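A.B. asks: Letter by letter, the chains look like this.
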Amino acid sequence: MSPQPFDSIKGFAVTFRQIFKKPITQQYPEYKRPVYPRFRGRHRLWRHENGLEKCVGCSLCAAACPADCIRVVADENTADNRVSPGERYARIYEINLSRCIFCGYCELACPFDAITLEAEYELSEYSRDDLIYTKDMLLAPPVKRVPVADRELYDTPQPVWKLES
Amino acid sequence: MASTAARRHAPIYTGTRIPSPIPSVLKVDPALREDDDILEVNFGPNHPSTHGVLRLIVELNGERVEGVEAVIGYLHTGFEKNMEQKTWWKAITYPERIDYLSFQINELAFVLAIEKLLEVEPPAKATWMRTLLCELSRIHSHLIWLGTGALELGAISLLWYCFRERDAVLDLFELVTGVRMHTRYFQAGGLAEDIPPGFFTECRKFADMFPGRVDEYEALLDRQAIWLERTKGIGLLSAEDAIALGQSGPVLRASGVDWDLRKVEPYLAYDQVDFDVPVYFNGDVYDRYKVRMDEMRESTRIVQQCLDGMPEGPWIVDDRKIVLPPRHELHTSMESLIHHFKLVTEGYRVPVGEVYVAIESARGELGCYVVSDGGPKPWRVKFRAPSFVALEATATTVAGSLVADLIAILGSLDTVMGDCDR
Ligand code: SF4
Ligand code: SF4
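Chains X and Z, in that order, give the protein sequences. Under the numbering used here, the first residue of the first sequence is numbered 1, with each subsequent residue one higher. Under the numbering used here, the first residue of the second sequence is numbered 1, with each subsequent residue one higher.
The set of hints was computed from the structure by calculation and includes no laboratory data. Note that the coordinates shown come from a computational prediction; the quantities given were computed from them, not determined experimentally. Ideal Cβ positions, reconstructed from N, Cα and C, are used throughout, including at glycine. A couple of the hints might just be wrong.
Claimed, not checked - Now the stretches of chain X that chain Z is said to cover, found in silico as 3 or more residues with beta-carbon under 8 Å:
no., region
1, 52-64
2, 127-141
Unchecked claim - Only pairs whose alpha carbons sit at most 30 Å apart, straight line, appear in this in silico DSS-like list of lysine-lysine:
no., chain 1, residue 1, chain 2, residue 2
3, X, Lys-21, Z, Lys-205
4, X, Lys-10, Z, Lys-342
5, X, Lys-135, Z, Lys-342
6, Z, Lys-205, X, Lys-22
7, Z, Lys-125, X, Lys-54
8, X, Lys-54, Z, Lys-342
9, X, Lys-10, Z, Lys-232
10, X, Lys-32, X, Lys-22
11, Z, Lys-125, Z, Lys-377
Said to hold, decoys possible - Taking beta-carbon pairs under 10 Å as the criterion, some of the chain X residues facing chain Z (in silico):
no., residue
12, Tyr-31
13, Arg-33
14, Val-35
15, Pro-37
16, Phe-39
17, Leu-117
Can you build the whole structure from these sequences, using the hints too?
C.D. replies: Given below as structure tokens:
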């Protein structure tokens, strides 16, 4: 095999042309690329407009989870402690996000659209315990917001569990 | 189509005797061991160029490799056993994690196996979309192979070029399926969700741009004296040896055997799209590189044809026994709600039987063997991992080569250790 010094120039031309192109790197923490509307990030539990929780503690999401990372302990609603419109509510609702594989089966399983997977993906913590999200953390609106791309363009009218009802 | 297929497959093996057994462990010649200094070196498990956690015990005579023994199992996670503990529906999330680079193809193997047992036929739109996503997955896998393979031989800039396009592929996956890898988008009976309308323009943009990018990679590598010097004539594997070692995929096709399951036993829509199977004849590292480069171009062609030919219609079969009912029915129909509860908690039951589904993954023949005892969980799941088989060719390909070439050869076999150890 003979060395081919002149052929190498073709390769260098590719490199050279890059100088005139816009860099494709994004300045990540300052700039966040909008995620697509179907993106499955951190979970969110939803409330009805009147403030009652949508979740009725039926544990279907826990049954659907392939990673077994949801823990639901249900309790009865009483007249002076009404948490959800149904008979029961979730007294404890925990998701262990260090086990979660973000498959989205929980939102498929939930018959009441109480749990959805939202756009947030910045989920690092200093300790593993902090990754166990309790009900209060899941009910609260996310602090760090991630932009979402145009829903009209990139999603079909179907999955209604993505719609806020 | 049939006549070309017949022409293609006649000369698969014309030798008189498949040499057997071909050693998958390279042993040092005992005579050599006595009078020379044989140096035993551990290559890995934490070596940046082992594509995962692979440990090779290499015995060197000077710079020559005289003995090599692979120690595998560092990434063993028990995927197959785990899947047997989950319902069929949940088990779909596992196979994509076995070979995490051609994830969509792995998922397809398992889903096809379920469908074969259930005897359901997915709608045409699902079939075409599956073909499209599998080809994108193949491109993704080859891009990572090219980037890391060239990086190991010192061509660092190629990694950035490849990862630029890889990101474009993953963006497409995010757009359609919701996550960038490990999508669970293929479900028994079709697709999990409809294709979003914006996908077609985005994907076409990618398919138009990508062939030019492949030319760019070739311009960077193909005429470079160093690259040629380090790949041509290195890691030779003859067609006979490749067949005897059970090789498949790009490794086999680089040894001159025209064998591609997409052509031989067409599944999905592969018998309706037009593509060529690249075959090269030298069986060295360079030819394996050429095969994969050509495959990326062919995959782009398939993607384009899938975009053009994507049929309209439903994306999943309307069978309430295996598919979750539509969401809006849950609030109106009691029957749907009962089906929903039953499917989620217990899952669908799959008739008794055993199937073996073989498809062409980015690394070769990926087989999925599934046994069902009629219950809601698989009784046995077994994957025929192409990486594991490719690794068996290490001893034959590295025999007598230099230790620096060991890295090039190992890279060219394109093993994914997650796939190998499962
Ligand atoms: S996304 Fe999947 S793994 Fe995560 S909590 Fe939901 S069902 Fe479980
Ligand atoms: S989130 Fe939904 S599925 Fe899970 S317990 Fe609550 S209501 Fe049931």
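A.B. asks: So, for every hint listed, does it hold in this structure?
C.D. replies: Hints versus structure:
Residue count for the region 52-64 of chain X with a Cβ under 8 Å from a Cβ of chain Z: 3. That meets the three needed, and the coverage hint holds. As drawn, the region 127-141 of chain X meets chain Z at 0 residues by the rule of a beta-carbon pair under 8 Å; below three, the given contact is violated. Between Lys-21(X) and Lys-205(Z) the CA atoms are separated by roughly 18 Å; this keeps the pair inside 30 Å, and the hint holds. A C-alpha spacing of about 62 Å is found between Lys-10(X) and Lys-342(Z), which places the hinted pair above 30 Å, so the restraint is violated.
With a C-alpha separation of about 26 Å, the suggested pair Lys-135(X) and Lys-342(Z) falls inside the 30 Å cut-off, and the hint holds. Distance restraint check for Lys-205(Z) and Lys-22(X): the Cα-Cα separation of roughly 18 Å lies within the 30 Å cut-off, and the hinted pair is therefore satisfied. Restraint check for Lys-125(Z) and Lys-54(X): not satisfied, since their Cα atoms lie roughly 35 Å apart, outside the 30 Å limit. For the suggested pair Lys-54(X) and Lys-342(Z), the alpha carbons sit about 21 Å apart, so the restraint of at most 30 Å is met.
Under the criterion of a C-alpha separation no larger than 30 Å, the hint pairing Lys-10(X) with Lys-232(Z) is consistent with the structure, at around 20 Å. A threshold of 30 Å between alpha carbons decides the hint, and for Lys-32(X) with Lys-22(X) the separation of about 18 Å falls inside it, so the pair holds. At most 30 Å may separate the alpha-carbon atoms for a hinted pair to count; Lys-125(Z) and Lys-377(Z) meet this at roughly 28 Å. For Tyr-31(X), the shortest C-beta to C-beta distance to chain Z is roughly 15 Å, which exceeds 10 Å, and the interface hint is violated.
A least Cβ separation of about 9 Å between Arg-33(X) and chain Z falls short of the 10 Å threshold, and the interface hint therefore holds. Checking Val-35(X) against chain Z: minimum C-beta separation of about 7 Å stays under 10 Å; hint holds. Satisfaction of the interface hint for Pro-37(X) is found here, the shortest Cβ-Cβ separation to chain Z being roughly 8 Å, below the 10 Å cut-off. With 10 Å as the threshold, the beta carbon of Phe-39(X) comes within range of chain Z, its nearest partner Cβ sitting at about 6 Å, so the hint holds.
At a threshold of 10 Å, the smallest CB-CB gap from Leu-117(X) to chain Z is about 8 Å, leaving the interface hint in force.
Violated hints for the displayed structure, listed by number in ascending order: 2, 4, 7, 12.
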